[in-house]
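Novice: One line per chain: the protein sequences are U and W, in this order.
Going by the working numbering, the first residue of the first sequence is number 1, and it counts up by one from there.
Going by the working numbering, the first residue of the second sequence is number 1001, and it counts up by one from there.
Keep in mind the hints are simulated off the structure, nothing from the lab.
Some clues are possibly wrong.
[Said to hold, decoys possible] Computed spacing ranges between beta-carbons, pair by pair:
| id | chain 1 | residue 1 | chain 2 | residue 2 | range |
| --- | --- | --- | --- | --- | --- |
| 1 | W | Phe1096 | U | Ser62 | 41 to 47 Å |
| 2 | W | Arg1172 | U | Thr173 | 32 to 38 Å |
| 3 | W | Arg1172 | U | Tyr11 | 24 to 30 Å |
| 4 | W | Val1111 | U | Ala131 | 42 to 48 Å |
| 5 | U | Thr60 | W | Val1107 | 52 to 58 Å |
| 6 | W | Arg1172 | U | Asn26 | 29 to 35 Å |
| 7 | W | Pro1081 | U | Ala131 | 26 to 32 Å |
[Claimed, not checked] If you only want the chain W side, here are some residues facing chain U, beta carbon under 10 Å, derived:
| id | residue |
| --- | --- |
| 8 | Pro1157 |
| 9 | Glu1161 |
| 10 | Ala1162 |
| 11 | Ala1163 |
| 12 | Asn1165 |
| 13 | Leu1166 |
| 14 | Gly1167 |
| 15 | Ala1168 |
| 16 | Arg1170 |
Cβ coordinates follow ideal geometry from the N, Cα and C atoms, glycine included.
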Amino acid sequence: MLKINDLRVEYEKGVPTLDHYDLTVNEGELVSLLGPSGCGKTTTLRAVAGFVDTAGGQITISGRDVTKIPPNKRDIGLVFQSYALFPHLTVNQNVAFGLRMRRVTKKDQSKRVDEALRLVDLEGLGERRPAQLSGGQQQRVALARAVVIEPQLLLLDEPLSNLDAKLRVNMRTEIRRLQQRLSVTTLYVTHDQIEALAISDRVVVMNHGRIEQSGTPEEIYKQPQTPFVADFMGFENHFAGTVSAVDTDALTVQAADTTFQASQASGDLRAGDEVWVYFRSESAQLAADAVPNSVPVNVLLRTFQGNAIEYVIQSDLGEFKVRLPEDQVRFDAGPAYLSLNPDSLIVMPK
Amino acid sequence: MKISRWYTLSLGIVYFFLLGPFLIIFAASFGAESTLSFPPRGFSLDWFANVFANEQFIRSFWTSLQLGLIATILSLIFGVPVAYALTHFDFPGAGFVETLFSLPILVPGLVIGLSMLNFFVLFGKFDVLTGLMIGHTAILFPYSVRVVSVALRNLDPAVEEAAVNLGANRLRTFLLIVLPNIRAGIAAAFILGFITSFNNVPVSVFLSGPGVNTLPIAMLSYMEYYFDPTIAALSTILIIFSIVLVQAAERLLGLSQFV
Ligand SMILES: Nc1ncnc2c1ncn2[C@@H]1O[C@H](COP(=O)(O)OP(=O)(O)OP(=O)(O)O)[C@@H](O)[C@H]1O
Ligand SMILES: [Mg+2]
Chain U
1 MLKINDLRVE YEKGVPTLDH YDLTVNEGEL VSLLGPSGCG KTTTLRAVAG FVDTAGGQIT
61 ISGRDVTKIP PNKRDIGLVF QSYALFPHLT VNQNVAFGLR MRRVTKKDQS KRVDEALRLV
121 DLEGLGERRP AQLSGGQQQR VALARAVVIE PQLLLLDEPL SNLDAKLRVN MRTEIRRLQQ
181 RLSVTTLYVT HDQIEALAIS DRVVVMNHGR IEQSGTPEEI YKQPQTPFVA DFMGFENHFA
241 GTVSAVDTDA LTVQAADTTF QASQASGDLR AGDEVWVYFR SESAQLAADA VPNSVPVNVL
301 LRTFQGNAIE YVIQSDLGEF KVRLPEDQVR FDAGPAYLSL NPDSLIVMPK
Chain W
1001 MKISRWYTLS LGIVYFFLLG PFLIIFAASF GAESTLSFPP RGFSLDWFAN VFANEQFIRS
1061 FWTSLQLGLI ATILSLIFGV PVAYALTHFD FPGAGFVETL FSLPILVPGL VIGLSMLNFF
1121 VLFGKFDVLT GLMIGHTAIL FPYSVRVVSV ALRNLDPAVE EAAVNLGANR LRTFLLIVLP
1181 NIRAGIAAAF ILGFITSFNN VPVSVFLSGP GVNTLPIAML SYMEYYFDPT IAALSTILII
1241 FSIVLVQAAE RLLGLSQFV
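Let the hints inform the model, and build the full structure from the sequences given.
Specialist: Below, the structure written as structure tokens:
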């Protein structure tokens, strides 16, 4: 559906904000762009919408090359972070604007506006002005205004970032339901991992204007392929090691004096490769005695965190955080063993 | 306690010097004596009658009114596109252009008036009214650009992009979305421009000529010969005229948000 091919965007000549950027969004799919502030998410969206000039590459929508087509002729629905409702128009007029520009008859306009407002649960508010609506309601108007034109492609730029936490969770479910009901191809920008995982068919993690990894929410969450993605997805611990043996679906990694097994396909890794080993603080265990896949540690600190107990521990491999369920045996400061399940280790080339 | 006493005192001083002169003019315009004096002795409305009987005042009032309206409208016709360009396009030298446009605010009015007179003598054979119109448009133009720019900068650029995204071209976006949202700014520029033109002396003094005077110039020449309360009566009328104008605009458009 949407195909971005080798895109390059420069705000300043010679300094690319996006470079060698390839992205495909399939028909009816919701893909989210996830990444830290300044990585180029909004820029990508604006390039697709036609508001920033491209310095190279190609953008096609349903096979039509739109790279040189002006933004008012692209037929894309766009929801802005600030909503960008027209302050002087009523809700009805806001939603009708796109239809008016398409010379839809007055009768059809009002029918479709009503339909769109019903879809976002705003029936009866059509005569209000944006200033007379709550943030959540304004958000819905923005959504209705974008989908009422039945765009081939829907773009949303951090649509929930101005709402409070509870409303955010409700709205994201609603956006997903709406998107599935209309089966509209959607590109969704967020810097919130949980939001991206919850709402998407596919997540694209970006960093410094490039795509780090793209995959289903589960793949991104469980199998990060680069240190950046691992960090970003909440793998709090890592240490350096060397691959000592490779098997079909297992790796042996030597780190300091300890040998670890990791149940992971070797991919490009070979014996002798320098690697990083990542693990989540929730997936590690503490033990009183040595067990397989464990390393002696020194417990430095224990903090109570409601449903979990967090330990800060020190070992030859570095300092780690371990989070154990609150109802498990507690460890006091002093010697213990950090035990790592082979399934919970992610090994990636250094 | 102390602070509030100081506050009251300083407020009192400011009001005294700000409003005092107006009150004197106001009171003097009702005096019965034939020289401008305070406190006035007696009461009379003769001086107001005198104002309306003076053909110079009536004629120059219409000239000033016409001039103010036309020059303000012209300054907006030129100023709005310039303000739009300054706020929407990042062209080389934008900063320089902006400074250039503020020159008429920074340069003393007398200097502008004199230069314009020279300029017209050198390059144009305009009649007096046209000359005045060009001169006034030129001094109002920077105000229009500034006030309208402020209004444009207050409008979220995403709002315009939303219109474009929904299929509107640049012109329709301007007419349907931008213009309605800066109308208070345009009204503010209009009032500010009109009053500036209506009160202007230094430029008008050079550009007015035989038979064509603006009201302030007519007032000045009247005062060269007479020192009776007619001028006070006329000033009272003008003050009320300005207050009504500004109040009406404020009611209508919420102008205070911009000035
Ligand atoms: N109009 C512009 N002119 C110059 N540089 C810009 C412009 N817009 C963005 N940039 C730069 O381009 C880079 C990417 O910006 P972008 O807005 O795409 O980031 P983002 O991923 O959307 O970030 P955020 O999560 O903060 O919204 C940033 O370094 C930013 O400073
Ligand atoms: Mg952004």
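Novice: State for each hint whether it applies.
Specialist: Evaluation of the provided hints:
1. W/Phe1096 / U/Ser62: 41 to 47 Å: holds, 46 Å
2. W/Arg1172 / U/Thr173: 32 to 38 Å: Since arginine 1172 of chain W and threonine 173 of chain U have Cβ atoms about 36 Å apart, the given range 32 to 38 Å holds.
3. W/Arg1172 / U/Tyr11: 24 to 30 Å: Once the Cβ atoms are compared, 27 Å apart, the range 24 to 30 Å for tyrosine 11 of chain U and arginine 1172 of chain W holds.
4. W/Val1111 / U/Ala131: 42 to 48 Å: The hinted range 42 to 48 Å holds for valine 1111 of chain W and alanine 131 of chain U, with Cβ atoms some 46 Å apart.
5. U/Thr60 / W/Val1107: 52 to 58 Å: holds, 56 Å
6. W/Arg1172 / U/Asn26: 29 to 35 Å: holds, 34 Å
7. W/Pro1081 / U/Ala131: 26 to 32 Å: Given range 26 to 32 Å: holds, Cβ gap about 29 Å.
8. Pro1157: holds, 9 Å
9. Glu1161: holds, 6 Å
10. Ala1162: holds, 4 Å
11. Ala1163: holds, 7 Å
12. Asn1165: holds, 5 Å
13. Leu1166: Constraint on leucine 1166 of chain W satisfied, holds at 4 Å.
14. Gly1167: With a minimum Cβ separation of about 3 Å from chain U (threshold 10 Å), the hint on glycine 1167 of chain W holds.
15. Ala1168: holds, 5 Å
16. Arg1170: holds, 8 Å
When held up to the earlier numbered hints, the structure conflicts with none and fits them all.
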